[in-house]
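Colleague: First to last, the protein sequences are chains Z and S. Mapping the first sequence onto UniProt numbering, position 770 (from 1) lands on 770, and the numbers just tick up by one. Mapping the second sequence onto UniProt numbering, position 82 (from 1) lands on 82, and the numbers just tick up by one.
No lab work stands behind these hints: they were computed from the structure. Treat the hints with care, since some could be wrong.
Think about it this way: if two alpha-carbon atoms lie no more than 30 Å apart in a straight line, the pair counts; the simulated DSS-like pairs of lysine-lysine are [said to hold, decoys possible]:
hint: 1; chain 1: Z; residue 1: LYS606; chain 2: Z; residue 2: LYS645
hint: 2; chain 1: Z; residue 1: LYS811; chain 2: S; residue 2: LYS66
hint: 3; chain 1: Z; residue 1: LYS103; chain 2: S; residue 2: LYS78
hint: 4; chain 1: Z; residue 1: LYS606; chain 2: Z; residue 2: LYS713
hint: 5; chain 1: Z; residue 1: LYS573; chain 2: S; residue 2: LYS66
hint: 6; chain 1: Z; residue 1: LYS457; chain 2: Z; residue 2: LYS327
hint: 7; chain 1: Z; residue 1: LYS184; chain 2: Z; residue 2: LYS112
hint: 8; chain 1: Z; residue 1: LYS293; chain 2: Z; residue 2: LYS327
hint: 9; chain 1: Z; residue 1: LYS102; chain 2: Z; residue 2: LYS748
hint: 10; chain 1: S; residue 1: LYS66; chain 2: Z; residue 2: LYS713
hint: 11; chain 1: Z; residue 1: LYS645; chain 2: Z; residue 2: LYS782
hint: 12; chain 1: Z; residue 1: LYS681; chain 2: S; residue 2: LYS58
hint: 13; chain 1: Z; residue 1: LYS799; chain 2: Z; residue 2: LYS750
hint: 14; chain 1: Z; residue 1: LYS740; chain 2: S; residue 2: LYS58
hint: 15; chain 1: Z; residue 1: LYS218; chain 2: S; residue 2: LYS53
hint: 16; chain 1: S; residue 1: LYS53; chain 2: Z; residue 2: LYS569
hint: 17; chain 1: Z; residue 1: LYS184; chain 2: Z; residue 2: LYS218
hint: 18; chain 1: Z; residue 1: LYS277; chain 2: Z; residue 2: LYS184
hint: 19; chain 1: Z; residue 1: LYS681; chain 2: S; residue 2: LYS53
hint: 20; chain 1: S; residue 1: LYS66; chain 2: Z; residue 2: LYS612
hint: 21; chain 1: Z; residue 1: LYS557; chain 2: S; residue 2: LYS66
hint: 22; chain 1: Z; residue 1: LYS620; chain 2: Z; residue 2: LYS713
hint: 23; chain 1: Z; residue 1: LYS102; chain 2: S; residue 2: LYS53
hint: 24; chain 1: S; residue 1: LYS58; chain 2: Z; residue 2: LYS32
hint: 25; chain 1: Z; residue 1: LYS620; chain 2: Z; residue 2: LYS607
hint: 26; chain 1: Z; residue 1: LYS667; chain 2: Z; residue 2: LYS733
hint: 27; chain 1: S; residue 1: LYS57; chain 2: Z; residue 2: LYS681
hint: 28; chain 1: Z; residue 1: LYS112; chain 2: S; residue 2: LYS57
hint: 29; chain 1: Z; residue 1: LYS748; chain 2: Z; residue 2: LYS811
hint: 30; chain 1: Z; residue 1: LYS102; chain 2: S; residue 2: LYS78
hint: 31; chain 1: Z; residue 1: LYS696; chain 2: S; residue 2: LYS78
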Amino acid sequence: MVPTPAGQSSSQPLPVKELGYFKKIVKSYEQKQYKTGLKFAKQILSTPQFAEHGETLAMKGLILNCMGKLTEAQECVKRGLKSDLRSYVCWHVYGLIQKTEKKYDEAIKAYKRALMIDKDNIQILRDLSLLQIHIRDYDGYLASKYDLLRLRQNQRVSWLGYIVAHHLLKEYSLALGIIAEYIKNNTPSGYDFEFSELILYQNLIMREAGQPDVALQKLEENAAHIVDKVAYMETRANLLMDLEQPKQAEHVWRALIQRNPECLEFYDMLQTCMGIKENPKAQLAMLDALAEKYEKAAAPRRLALYLVEGEELRRRLHEWMIPMLRKGAPSLFASLVPLYKYPQKIAVIESLINEYVNKMDDEGYGNVNLEGNSAECEPATTALWLYVLAAYHYDRVHMVQLALNHIDRAIQHTPTVVENYMLKARIYKHAGDYDEAARWMEEAQSLDTADRYINGKCGKYLLRAKRPYEANKMLSKFTREGENAASHLTDMQCMWYELESGRSFRAVGKYGEALRKAHHVEFHFNTWIEDQFDFHTYCLRKMTLCYYIRLLRMEDKLRCADYYYQAAKLAIKIYLRMIDRPDDMNEHAAMIKEGMTENEIKKMKKKLKKQKEAQEEEEKKKKEKEVKEEGLQRGPQIDAEALLKTEDPLGEAAKFANNIHTFGTPKVTGYALCAEVYQRKGKVLLALKCLNEGVKRDPKHPLLHIQKVKFLKAWPTYDLTGLVRETAEELVKLVYGEEKDAAKLNDKFKIANQHDFACRLAYAEAETFLNPTGSQTNWLLKSVEDSSVNGRSLRMMTKLKDGIEYGKYGKWSKEENDKLRKLVVGMFPLALDFGGGVPKTATSSISDASTASTSSESK
Amino acid sequence: MADDDEKQQVDKHNWGSEELSKVSDTREDTDDTKLSADALGNLFNSSAPARPKINIKKEDLQLVMKELELPEGTVRAKLIETNGDVRATLRSLCGL
Chain Z
1 MVPTPAGQSS
11 SQPLPVKELG
21 YFKKIVKSYE
31 QKQYKTGLKF
41 AKQILSTPQF
51 AEHGETLAMK
61 GLILNCMGKL
71 TEAQECVKRG
81 LKSDLRSYVC
91 WHVYGLIQKT
101 EKKYDEAIKA
111 YKRALMIDKD
121 NIQILRDLSL
131 LQIHIRDYDG
141 YLASKYDLLR
151 LRQNQRVSWL
161 GYIVAHHLLK
171 EYSLALGIIA
181 EYIKNNTPSG
191 YDFEFSELIL
201 YQNLIMREAG
211 QPDVALQKLE
221 ENAAHIVDKV
231 AYMETRANLL
241 MDLEQPKQAE
251 HVWRALIQRN
261 PECLEFYDML
271 QTCMGIKENP
281 KAQLAMLDAL
291 AEKYEKAAAP
301 RRLALYLVEG
311 EELRRRLHEW
321 MIPMLRKGAP
331 SLFASLVPLY
341 KYPQKIAVIE
351 SLINEYVNKM
361 DDEGYGNVNL
371 EGNSAECEPA
381 TTALWLYVLA
391 AYHYDRVHMV
401 QLALNHIDRA
411 IQHTPTVVEN
421 YMLKARIYKH
431 AGDYDEAARW
441 MEEAQSLDTA
451 DRYINGKCGK
461 YLLRAKRPYE
471 ANKMLSKFTR
481 EGENAASHLT
491 DMQCMWYELE
501 SGRSFRAVGK
511 YGEALRKAHH
521 VEFHFNTWIE
531 DQFDFHTYCL
541 RKMTLCYYIR
551 LLRMEDKLRC
561 ADYYYQAAKL
571 AIKIYLRMID
581 RPDDMNEHAA
591 MIKEGMTENE
601 IKKMKKKLKK
611 QKEAQEEEEK
621 KKKEKEVKEE
631 GLQRGPQIDA
641 EALLKTEDPL
651 GEAAKFANNI
661 HTFGTPKVTG
671 YALCAEVYQR
681 KGKVLLALKC
691 LNEGVKRDPK
701 HPLLHIQKVK
711 FLKAWPTYDL
721 TGLVRETAEE
731 LVKLVYGEEK
741 DAAKLNDKFK
751 IANQHDFACR
761 LAYAEAETFL
771 NPTGSQTNWL
781 LKSVEDSSVN
791 GRSLRMMTKL
801 KDGIEYGKYG
811 KWSKEENDKL
821 RKLVVGMFPL
831 ALDFGGGVPK
841 TATSSISDAS
851 TASTSSESK
Chain S
1 MADDDEKQQV
11 DKHNWGSEEL
21 SKVSDTREDT
31 DDTKLSADAL
41 GNLFNSSAPA
51 RPKINIKKED
61 LQLVMKELEL
71 PEGTVRAKLI
81 ETNGDVRATL
91 RSLCGL
């Protein structure tokens with residue numbers, strides 16, 4: 001901030017001595033010597049006649065703001081503005097303060113007021129243009145960039161900003177005209193990275209303007225200037241494809257594959273060029289030829305695996321797996337995962353693995369050769385990695401016991417491999433015994449306490465086992481000393497932690513804490529949006545314009561990220577629960593209902609209170625320490641209790657929902673969730689929009705179906721008029737076709753999807769909604785047992801159980817719940833949530849892996 | 001209290017970006033373009049920004065904002081894109 005005629009511009013001119021002080025304030029501010037600045041401000045303000053000097057107060061406020069004293073700063077700046085409304089300094093500073101408050105509209109208004117007083121103030125124009133691009137006011141941005149260019153025609157950034165503004169407004173011919181003129185006069189003689197970027201940016205605009213021919217011509221003309229060769233080649237290949245010259249494009253993609261034979265995208269584009277996307281035989285021939293050419297390349301061999309079946313698959317898998325088993329390549333299983341979509345291919349993998357294991361058993365580690373030539377025997381580790389692979393495989397196909405058997409053999413073979421214990425934990429996790437899973441992860445962690453990855457995993461597993469305090473203790477081994485692990489991980493914007501601990505809190509009925517974690521994620525996303533600010537100037541100066549445009553577009557859709565979706569889902573479901581089951585929000589009530597004695601309840605309450613107090617004490621200390629050290633508090637300051645006390649849970653849920661559907665998430669479940677929120681809120685058009693978007697993606701999705709039924713039942717009750725009604729009716733047609741009856745819709749869904757468990761659950765939930773007195777219990781229990789019903793996974797069983805507790809499937813008696821529990825444990829003996837799991841006595845000897853393995857085998 | 005919270009959130013950001021602000025400070029850039037005065041003048045005159053003016057009715061804006069719970073900026077931008085046609089705006093924002 002450089003107010004040029006400092007301290008004189010306004011209705012309160014300063015005399016020479018005070019003016020000197022004022023200039024020093026400005027200088028101290030610019031050099032970030034805040035304390036000195038405040039001293040000089042005091043010099044002026046302590047003179048009685050200047051006690052309310054506007055611009056001095058403004059500068060003082062600005063400095064206080066930088067020091068983190070926000071309340072004081074606010075007050076100071078407002079006082080300053082009040083006493084000197086004709087000063088551009090006061091308005092500018094007021095705008096800056098509004099900006100830190102994220103009141104962007106207010107800030108822009110203030111900047112504009114300042115510019116009315118001093119219309120050619122470069123600094124204010126810059127600040128204004130930054131805010132305008134930040135809120136994507138492209139018209140305003142263009143106007144500000146025009147003024148900046150008018151004032152600074154000799155500066156490169158002025159021109160670049162002006163070009164970018166036109167580009168963003170899709171004024172392509174103007175943007176291209178200016179950039180061409182610029183290039184004409186500024187072509188460097190030799191190597192110049194920035195010029196190279198500019199050429200690529202010009203090319204980007206041409207392509208977006210729909211001029212691929214010009215773009216290609218210019219690209220080739222400037223080939224010598226472009227430093228980023230890969231970008232050059234990729235752009236050229238894409239342009240050739242746009243111009244329908246696939247033969248030439250093919251050459252370029254082949255050249256790119258030569259540069260990097262592991263880039264899957266290149267292979268994909270090559271197939272498109274060759275027109276063999278629908279022709280697996282030709283694809284295979286192409287991949288085989290490339291595999292022969294690039295002997296060490298894995299990509300063509302791997303991609304070929306996904307194209308073949310039967311004996312051919314078996315042969316290729318054999319060739320693929322043996323070298324990786326010998327080397328112990330950790331990615332072996334991951335490379336097979338795409339094959340698990342097809343039952344026949346799974347069978348091939350399984351038979352091959354079994355063949356190897358049998359061979360290993362028959363011939364012994366010392367003599368075996370998996371390729372059948374007896375001259376050489378396998379290295380000692382082949383057996384180990386084979387058992388690991390087998391364990392992965394059986395885990396994937398939900399054959400828990402076999403998976404455990406194999407991982408135990410692997411552990412027996414080499415007890416020091418940490419990853420094996422991790423895999424064992426994972427198998428237990430998938431089988432539903434989270435306690436046992438956490439136990440094995442702790443075992444893995446104890447084998448390598450210096451490994452942060454395992455530490456993180458261990459924390460995650462402890463959270464899954466509903467042990468948040470132990471998890472924090474574990475994680476604190478790698479977070480800042482003397483600080484709560486949770487707040488450090490929040491500082492580090494550690495998303496998996498926020499989500500996992502949020503879910504963990506939810507699982508124990510601490511909905512306030514869970515909500516707090518979801519809001520942390522929201523906060524992190526806001527921070528990332530905010531972080532753009534630094535790039536608006538930086539990228540223009542560094543000329544990285546293509547990346548700048550990509551950044552802007554990425555930020556516009558930032559909340560499409562899965563982490564955000566997960567957090568929003570967590571939050572929305574809790575807010576809906578607040579409405580449906582307000583008693584759940586009392587965490588003690590949720591914990592007591594398990595049939596405890598009076599004494600136990602008392603004890604537990606006492607313990608909880610103690611825990612809470614200890615935690616609060618710790619937080620308080622931490623905050624005090626921070627305030628002392630840095631003069632300000634970091635991180636989101638969100639209070640769990642306050643979140644639970646919201647007056648408008650539906651409104652809060654809608655805030656999250658808005659961010660899910662607006663950015664076009666690919667997730668059907670996301671639209672179903674949003675539709676529920678909007679339907680309850682009475683926002684008919686929004687509910688219909690979400691239903692329609694969901695239908696576009698997967699019309700048969702069970703969760704979407706439930707919302708469709710609920711909405712259709714409510715539809716006749718809405719009183720709409722005019723344009724809204726017209727639009728709504730159009731959407732209804734798209735979503736429901738001619739179907740007008742919710743009950744019929746539900747019955748049709750039942751008949752069409754009777755072999756799918758998730759669909760049966762959806763039908764039952766919708767039916768309970770339509771007809772709360774009818775009981776679905778027997779039908780659901782039969783569905784659990786019915787082997788002709790697909791998708792009866794542990795995950796779905798847990799959903800059923802949670803749904804029963806929530807009341808989604810009507811009233812269930814204790815006997816009925818017991819029956820469900822028995823049925824599920826019969827299918828999933830390790831499912832902890834249903835009373836299953838590893839018998840506690842059998843697993844007491846954790847340090848001895850072989851003992852544990854025999855015990856689990858004998859079970 | 002809630003007010004305080006918000007301000008402190010802002011701090012987090014400032015704290016994080018302090019390092020970056022060193023690279024992106026607002027120092028004056030050097031005069032480094034070599035455009036000839038003529039070419040420059042021509043360009044400048046020919047490309048004075050003249051954006052089409054579109055009349056937006058306040059009630060249209062309000063209607064879409066209320067029905068679709070969108071911020072003013074988004075709705076305004078869409079109304080400009082559709083030349084002020086509220087029907088087209090509503091349909092487009094509903095995914096039609």
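Colleague: All hints are to be evaluated individually against the structure, with a verdict given for each.
Modeller: Results for each hint:
no.	hint	result
1	LYS606/Z to LYS645/Z	23 Å, holds
2	LYS811/Z to LYS66/S	39 Å, violated
3	LYS103/Z to LYS78/S	22 Å, holds
4	LYS606/Z to LYS713/Z	47 Å, violated
5	LYS573/Z to LYS66/S	24 Å, holds
6	LYS457/Z to LYS327/Z	25 Å, holds
7	LYS184/Z to LYS112/Z	36 Å, violated
8	LYS293/Z to LYS327/Z	23 Å, holds
9	LYS102/Z to LYS748/Z	50 Å, violated
10	LYS66/S to LYS713/Z	24 Å, holds
11	LYS645/Z to LYS782/Z	41 Å, violated
12	LYS681/Z to LYS58/S	24 Å, holds
13	LYS799/Z to LYS750/Z	18 Å, holds
14	LYS740/Z to LYS58/S	36 Å, violated
15	LYS218/Z to LYS53/S	34 Å, violated
16	LYS53/S to LYS569/Z	41 Å, violated
17	LYS184/Z to LYS218/Z	13 Å, holds
18	LYS277/Z to LYS184/Z	42 Å, violated
19	LYS681/Z to LYS53/S	36 Å, violated
20	LYS66/S to LYS612/Z	42 Å, violated
21	LYS557/Z to LYS66/S	23 Å, holds
22	LYS620/Z to LYS713/Z	51 Å, violated
23	LYS102/Z to LYS53/S	29 Å, holds
24	LYS58/S to LYS32/Z	45 Å, violated
25	LYS620/Z to LYS607/Z	20 Å, holds
26	LYS667/Z to LYS733/Z	22 Å, holds
27	LYS57/S to LYS681/Z	27 Å, holds
28	LYS112/Z to LYS57/S	24 Å, holds
29	LYS748/Z to LYS811/Z	24 Å, holds
30	LYS102/Z to LYS78/S	23 Å, holds
31	LYS696/Z to LYS78/S	23 Å, holds
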